[in-house]
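Quick note: the sequence shown uses my numbering, first residue 1, plus one each step.
Some clues are possibly wrong.
Unchecked claim - So the derived label-pair ranges between C-beta atoms look like this:
no.	residue 1	residue 2	range
1	P44	S335	25 to 31 Å
2	S197	Q248	52 to 58 Å
3	A161	N308	19 to 25 Å
4	K190	R94	19 to 25 Å
Claimed, not checked - The calculated lysine-lysine pairs, modelled on DSBU-like cross-linking and capped at a C-alpha distance of 30 Å, are:
no.	residue 1	residue 2
5	K151	K280
6	K339	K268
7	K323	K268
8	K43	K190
For the record, the hints were derived by calculation from the structure and aren't laboratory data. Fair warning: this is a prediction, and the values are worked out from it, not measured in the lab. Note that CB positions come from ideal geometry on N, CA and C, so glycine has one too.
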Amino acid sequence: MKHTLAALFAASTLVTGGTAVSETLTMSSWVPPTHFLYTDILKPWTDQVADVTEGRVNVMILPAALGSPPQHWELARTGVADITWGNFTYEPERFVSMWFAEFPNMGTDAEAQSVALWRTYQDYLTSHPAYAGVHMLGVGMFGGGQLHHGKQTITTPDQIAGQKFRMGGPIQEQLLTSLSAVPVAAPATKAYEMLDSGVIDGSLHTMESVVNFRLAESLEHHTIFPNGFYDATFFIAMNGPRWDGLAQADKDAIASISGEALSAAWGKQFNIQNAAAFEKLGAAGHDIVDASPELIGAVDAIYDTMVNDWVAAAQADGVSDPKAMLNAFQASYTSLAAK
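Modelling step: build the complete structure from the supplied sequences, incorporating the hints.
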């Protein structure tokens, strides 16, 4: 497949009369072209690549994903696609070093989060073996996931106990289990049918995904944690050798619109989408309530345990000072969110 794509999309530089004409990079994306991730983040960035390289480098978003969402890091690392995006959460064993950013209380300003995560990655993780083989173009977070239920208001620990929630990843699983809820692992795309069939009572999402995954009729009760119930971490990554093969002038040009700039653009769009979803769901008469101090306190206690467990796991995974990395992220986020 890799060689076929290279031939189809001119993965090698075209030369006419000794002058480089253009180079086309392939991007695999697993959301439909109507999703805001495609229309407002990925596509504008690909247009910028063509602009800043004066047409020497173009990025083609393929009409269909080349693999499942959890496969997208490996697709980039092995060069099946030149560029991919995805969720670090989908490979928790590989990305132990990223768990900290998915904890509760990581904030609700996705732009500040995403920039803080980029800076933290640059300062602490670029040489970590988990990230070898790719060139990171940007990272992102989504501004705090919340708790959503199909039938009842949930504000206290006793109300969440025994309820079945769709979730993804070990952090969300630990949160729910520690609150005596029942975690049910499944992708967000399965939430509607699981709610409809009664397999789950609720689901963990950002506010925007309740709208964008068309779950508003199934999830009418929303419990809001002021600093987020949990979060998720994302990447936009390019095959390392493919990046290395670009002309230095083009690498410099692409770098100028990537990294912190692309991470900020990612977070900005999630802020816009989450705010719009709050307004839309509120206008539709949904039950949007704050978590009680008792529930927030229970989550805070779980957070403390999570941090201690993760520090040990991250040290075993090769992170030299996990607590310093977490503190650096939080300090950066606090500073950025205050602006």
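Hints and how they fare:
1. Remark: the range hint 25 to 31 Å for P44 to S335 is upheld by a beta-carbon distance near 27 Å.
2. Here the CB-CB span from S197 to Q248 is close to 55 Å, well matched to the stated 52 to 58 Å.
3. Distance hint check: the CB atoms of A161 and N308 are about 24 Å apart, consistent with the given range 19 to 25 Å.
4. For the pair K190 and R94, the beta carbons lie near 23 Å from each other, so the given range of 19 to 25 Å is met.
5. In summary, the hint linking K151 to K280 is supported, as the alpha carbons are separated by about 19 Å, within the 30 Å threshold.
6. Between K339 and K268, the direct Cα distance comes to roughly 14 Å. Compliance with the 30 Å bound is thereby established for this hinted pair.
7. Our distance criterion of 30 Å between C-alpha atoms is met by K323 and K268, whose separation comes to about 27 Å.
8. This hinted pair checks out: K43 and K190 have alpha carbons roughly 26 Å apart, not beyond 30 Å.
Every hint, counting from the list given before, is met by this structure.
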